[in-house]
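For the sequence shown, our numbering begins at 7 and goes up steadily by one.
Certain hints may be false.
What the hints assert, rightly or not - Calculated pairs, SDA-like style, for lysine to any residue (alpha carbon to alpha carbon, straight line, at most 25 angstroms):
#, residue 1, residue 2
1, LYS626, PRO839
2, LYS899, GLU761
3, LYS165, GLY618
4, LYS907, GLY879
5, LYS901, GLU761
6, LYS855, ALA791
7, LYS899, ASP914
8, LYS59, ALA791
Worth flagging that the hints you see were computed from the coordinates, not collected in a lab.
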Amino acid sequence: MSEEFRLASGGRLDRKRPVTFTFDGKRLTGFHGDTLAAALLANGIHLVGRSFKYHRPRGILTAGSEEPNALVGVAKSADAAARGQSVPNLRATQVEIHEGLVAESQNRFPSLAFDVGAINDKFSPLFVAGFYYKTFMWPKAFWNKVYEPVIRAAAGLGKAPTAPDPDRYANRYAHCDVLIVGSGPAGLAAALAAGRAGARVILADEQPEFGGSLLADPKAEIDGKPTAEFVADAIAELEALDNVTLLPRTTVFGAFNHNFMAAAERVTDHLAAPGADQPRERLWQIRAKRIVFATGAIERPLVFPENDRPGIMMAEAARIYLHRHAVLPGREIVVFTACDSAWTAALEIASSGGRVAAIIDLRKDVDTDLVEAAREAGIRVETSCAVTGVLGKKRVKGVMLGRVSQSGDVTSAGEMSCDALLMSGGFTPNVALHSQSRGKLSFDTERGAFLPVTDETAGHRSAGACGGTEGLLEALASGARAGVEAVRAARGDAAEQPAFTVAGEQPVTGWWLGAVPHDRDASRVRAFVDYQNDVTAKDLKLAVREGMHSIEHIKRYTTTGMATDQGRLSNMNALAIASTALQREIPAVGLTTFRQPYTPVTFGTLATTSRGELFDPVRKTAIHDWAEERGAAFEDVSLWKRAWYFPRGGEDMHAAVLRECGTVRDSVGVFDASTLGKIEVVGPDAAEFLERIYTNPWKKIGVGRLRYGLMLNEAGFIMDDGVVGRMAEDRFHITTTTGGAPRVLAHMEDYLQTEWPDLNVWLTSTTEQWAVIAVQGPKARDVIAPLVDDIDLSTDAMPHMSVREGHVMGGIPCRLFRMSFTGEMGFELNVPPSRARHVWEAVHANVEKAGGCAYGTETMHVLRAEKGFIIVGQETDGTVTPDDVGMTWAIGKKKRDFVGKRSLARPDLVAEGRKQLVGLLATDGRTLLEEGAQVTESATPPRGTPALGHVTSSYASAALGRPFALAMIANGRARTGEILHVPMPGGAIAVEVVSPVFVDAEGSRQNV
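Produce the complete structure using the sequences and hints provided.
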């Protein structure tokens, strides 16, 4: 197919680089620099998709990311398409064509021209607004077998790719003084002002070229230069500045707290054969001191009958296709408008060789210069006139006209033939990112739009058309002023505000909101407001009649504004129609919420490198390989692989764990505890910080001493525990549970930054800094003594719960903790991971000489349970207090406050009947209870009887010679000695309630 609508010259194309691509299997041509939409228009293709609900034929409506109709599936090549490696729902207006690109229309079967789904259009009276809420209610049995399968099959527009994504995605964090979003006149002016002042500037624009509207405004001049030349010079100047980063093809899609912005950069989508080292897209996470939104304005459609036919296009979009791609929208063009800018588009198309048959303007009074210019160009001019209908189905063939009286009545004014209809209802400032940033909006009745409210305390400012300016000179001045103010706020520096001169500025005044009056049968015609979701003016009026009076309710009832453009094209017209139906002013109806992302973002960009093996990274300790070589079985604990047990000679887990437990109790064992979280708390206020974050007191603990630390959340429930060592007056070494390390660090940082910013404290994760080798058992001191260089291990010099810094094995740095999680004498050697295996092997050799062994996590669990030590997440479930597990001794009685203290006094936390930690022993002496099993008072409780509690831990014990368990039981401590029952499928198991401490209740074994 030839490019019959391409002009022989003009545009911002590289005509020396023709491009071949396919659309729905047809081989087409374009040029380097074309978007897919531009190339399709050049080839005379307007029909590009089908609407979601009614499957109506739809054409290219816009030239930007707000495009609702031209959503396509794209593959890099025919081979990629055959492999199922395609991307659905891309906007053809943003897809840059390259050699071999394969594009496919969506939401049609079997073909775009003949879509059987179009039968829905015939039944449109059944699919009115809210039919989702009124249908599928009966018969009830139909939901699972009929309704849900059909709805799920019909859902969505494109086809999800069937093959794994072969592309790579990158992630980058950046900080800057000023982030500028948008590179039109305001954005460039702001960037020049901030860049020249020396500020660190990031300029991001979603388009391949910087310049925005200036690239489609050939008659205007800035500082005596054509706009294209001005843009080229400005970009060259910015590129030469080391303090400026330019990001084309980058959509800033999300605004978050404290000027944190997220942006998606399309790095290689426009390349036919990107390098293997290049990512497809890059996620930018930007923290900016100040932000300038220069996102422009979006042209509004006019709402009139049949306004969705292929061949109907926004006037400004046609202007962009003309000047940037040298493409005409049709052979016989009619322009329907209520804004001066569409007159400019018509005149420029006519001067470029296009045939503009008429300009139809809703307004009675139009600038006489525009009217005269149009008539001189041979264009028919009709004012106080409206398009009341469109002829044709798969392409515009003509329009119906109506004369609009001063009272708003319409009388027929005949028909006109055309193959393209351009429309403009004025411009809506693009306030999406401003709104995401919690910026306020105010409705301007003179401009018919919501405008950003300037907040001097906010970290952002809107400039140019998105801030409400209407002309080129005003936009430049607004941007320059915003750039200067951003530099002053971000750096405290004065910046020189650039001044610009403008010639040939084009008028952009005039607007229309709501439905266009017509003389047709309102019950039979449809005027579309939301193109993608097939929402009509009638739907909005019906929603109001059925009781939807808030725009948020109307939005959900009709789905207007819920398409991929988030209502950027439809919102204002929908508001106007609803306000008329409600007989209220537009501000009283409300405004829908703009949410992230601004435009759809690929899952790959959001996931970045977190996929495949990196999706759920496996962390291994420095001892992992040694354990693997010794045949250890492993279990997953959080992200870590931990040695579970070390079987010998065909042992199963039960036998191996019994052997390991007995060996540790009788002799000695060595255990890899490296996975425990470790946090260094440093600073003059470190002790005060711990006083507030833990239940225990910390100010008086001496240097070189350890203390068990219990941490609560705000509700007074246990969230983590660990041992804390005071290394110096201003330094503490904290340990956490393996899975709780990141949560605890975040909890601490949250309080330090938001509640106690006055405290002079630094927090550093040191989990990877120290490998931990735990030696437990009666012979622990004998095992490590030959390896310790300069630490006195005697009981007097290093009692239980103490820490010393020194060296082992000839100078290896070591923090030596004397502590126990088994109830036996214990030492933990914290050494650098790079030397950990060397130390481990030496320790293990001594352990074996002493008749000991290496043991795993299962043995550790048994040994701690025999001592009644809890594990957070096993004995606790997020609703357990210190008293519930018998740990009121860990609460500082004289402490004024700590996190969770006040909650501990709540009536429900001190009420009778709370579950408490107890031990359980099966009365038969041999039954191993199931963890999680319910505990009841009766062996055969009636159905509906609440359980008293549940088993939290259950193990076979070598020390006891029988199984035992821990449980949380209502009023458990008071039930000591009672016989309760554990109902199981094979019959109830009788259990005796006992103390949760089964071994060495006096604690003498760990203090030798």
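Going down the list of hints, with the structure as the test:
| no. | hint | result |
| --- | --- | --- |
| 1 | LYS626 to PRO839 | holds (11 angstroms) |
| 2 | LYS899 to GLU761 | holds (23 angstroms) |
| 3 | LYS165 to GLY618 | holds (23 angstroms) |
| 4 | LYS907 to GLY879 | holds (21 angstroms) |
| 5 | LYS901 to GLU761 | holds (18 angstroms) |
| 6 | LYS855 to ALA791 | holds (13 angstroms) |
| 7 | LYS899 to ASP914 | holds (21 angstroms) |
| 8 | LYS59 to ALA791 | violated (78 angstroms) |
Hint 8 alone, counting from the list given before, is not met by this structure.
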